[in-house]
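*Asks:* Sequence order for the protein chains is A and B.
Take the first sequence: its position 277, counting from 1, is numbered 277 in the working numbering, and each next residue is one higher.
Take the second sequence: its position 65, counting from 1, is numbered 65 in the working numbering, and each next residue is one higher.
Honestly, I wouldn't trust all of these hints.
[As the list claims (entries may be wrong)] Computed Cβ-Cβ distance ranges for the label pairs, DEER-style:
#1 Glu80/B to Lys170/A: 41 to 51 Å
#2 Lys22/B to Asn142/A: 52 to 62 Å
#3 Asn169/A to Glu44/B: 33 to 43 Å
#4 Glu80/B to Glu268/A: 44 to 54 Å
#5 Gln21/B to Asn197/A: 28 to 38 Å
#6 Glu103/B to Asn169/A: 41 to 51 Å
By construction, these hints were calculated from the structure, which means they are not laboratory data.
Even for Gly, the Cβ is constructed at its ideal location relative to N, Cα and C.
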Amino acid sequence: MSHNTLIPHLFRTEFSKIIAVICKSYGLQNIQAAEDIVSETFLAASETWGLKGTPDNPQAWLYQVAKNKTKDYLKRKILFREKITPNLSHNDSQNPVDDINLSENNITDSQLQMLFAVSNPILPPEAQTALALRVLCGFGINEIALAFLSNKQSINKRLLRAKQKLRDNKVEMVMPDKNELANRLSSVLATIYLLFNEGYYSTTSEVKIKRDLCFEAMRLLVLLLNYPPANLPKCNALMALMCFQASRFDARLDESGEIILYENQNREKWDFELIEQGEYYMNQSANGDVISKYHLQAAIAFWHTRVEDETGKWENILQLYNQLLQIQYSPIAALNRTFALSKVKGKKQAIKEALKIDLKDYHLYQSLLAELYTDLDKKKAKQHWQMAFDLANTEGERKVIKKKIMACG
Amino acid sequence: MMIFRYVADERNMNPSEEETQKIMQQWQSWIGGIAGQGKLESTEALGYTGKSVDGKHVVTDGPYAEVKEIVGGYLTVKCETEAEALEHAKGCPILHETGGKVEVREIMVF
Chain A
1 MSHNTLIPHL FRTEFSKIIA VICKSYGLQN IQAAEDIVSE TFLAASETWG LKGTPDNPQA
61 WLYQVAKNKT KDYLKRKILF REKITPNLSH NDSQNPVDDI NLSENNITDS QLQMLFAVSN
121 PILPPEAQTA LALRVLCGFG INEIALAFLS NKQSINKRLL RAKQKLRDNK VEMVMPDKNE
181 LANRLSSVLA TIYLLFNEGY YSTTSEVKIK RDLCFEAMRL LVLLLNYPPA NLPKCNALMA
241 LMCFQASRFD ARLDESGEII LYENQNREKW DFELIEQGEY YMNQSANGDV ISKYHLQAAI
301 AFWHTRVEDE TGKWENILQL YNQLLQIQYS PIAALNRTFA LSKVKGKKQA IKEALKIDLK
361 DYHLYQSLLA ELYTDLDKKK AKQHWQMAFD LANTEGERKV IKKKIMACG
Chain B
1 MMIFRYVADE RNMNPSEEET QKIMQQWQSW IGGIAGQGKL ESTEALGYTG KSVDGKHVVT
61 DGPYAEVKEI VGGYLTVKCE TEAEALEHAK GCPILHETGG KVEVREIMVF
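Only chain A is shown next, with the shape it has when bound in the complex:
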């Protein structure tokens, strides 16, 4: 690999590892410094390797340089503390400048601790995702801005505020103990799934970024699953869910990045290996006596990997949505339930129930009604498509709806 492709690749994998280890040893409050140190390390790499060629062991080179830069930084900081501000209180660890442990075990531990730290519920969800992308996934600010359809300044602000909040609340890098783990796990799973959804439902047109987000989320969950106390049924259920959804990634978008609806997807593009993986995790999740929302969602996603003519598909999906809605209401679940109802009890019944749902300003609600009225009442179908068009958020969605309006004649 030429160093031009090697460095971005290494950045993605090593950035988060080194930052996590530094923060584990010297405290989360130094996270900004850790980022700077690693960024400088990579800068040095691109300058040096360009001139002298790629080293035999690029990873080791990076680790050595990062260690040295960290030592320098800490020496300067201690000097500052001892000579310049001896009376200011500080909560840095009292560790002497010792060797930073970049062994595989410590890297894994550190990353896990970082995962729990960024999933802290005191941070708003967008902050958690942005921080996870930056610190755990090694995404550049531009990439994050692209993923969120935002700009560099907003993302930088968001990250700054998030780090400040972590500092103000003295959040530490530590694995929660057994009792706390179950609680904290909910936030972690939520953050990971949020990340996944950014990729899966993201409205950005950058297909590569979407795919990367999905796979980063899955990578983080695997990291979590490999930590035995966190290898719980609901975590496996979430993994199954993500595998099933990701299996349709290639089929969901066409060459120009437009969404292809489920009925129109080329099933040969479905990734059957991922589906198998999903089934494996689903089996792993079939333990214990708690049915989490992830179990239900995974089961629904499982049914979507099965073709229509298998008996019971839509009846099962309907019952699963019934249960899911009792655990947690969400507009999307309500709409999907109504769609499943139409498959089981027919469109008329579904329309009756749909009209009781109060989501008039939601474009997907209007789209659903339009779909249900198709073949029953052309005029109403067109009306609802038009409303959906007016409410749609993105060009991609508007394109799809426009086609539907034209098809109404």
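We have chain A already, so just place chain B on it with the hints.
*Replies:* Leaving out everything else, chain B in the frame of chain A:
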């Protein structure tokens, strides 16, 4: 709050597996419908047996009153009006049972 009342008899005390499935589906559909509107607060089904404690702390068997009328469970629904709640109640599967009734009560807010 909707309180489900019915009269216990041979049939509903010992349903066949098929009947149980069918009944479960009806309940799930009805509850799911309410949940789908974002109006479900909470719901529970109650078991067939239980005990009662009276003023003298005497414990007796069974939740029964005179006739074998039992409370089967409850569902709390978010509504603006009593009329709305009654509309929801009309879809309740308990109404298919012997002596099935739904009592609709407003929850007090202090």
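*Asks:* Quick one: which hint numbers does this structure break? Sort them smallest to largest.
*Replies:* none
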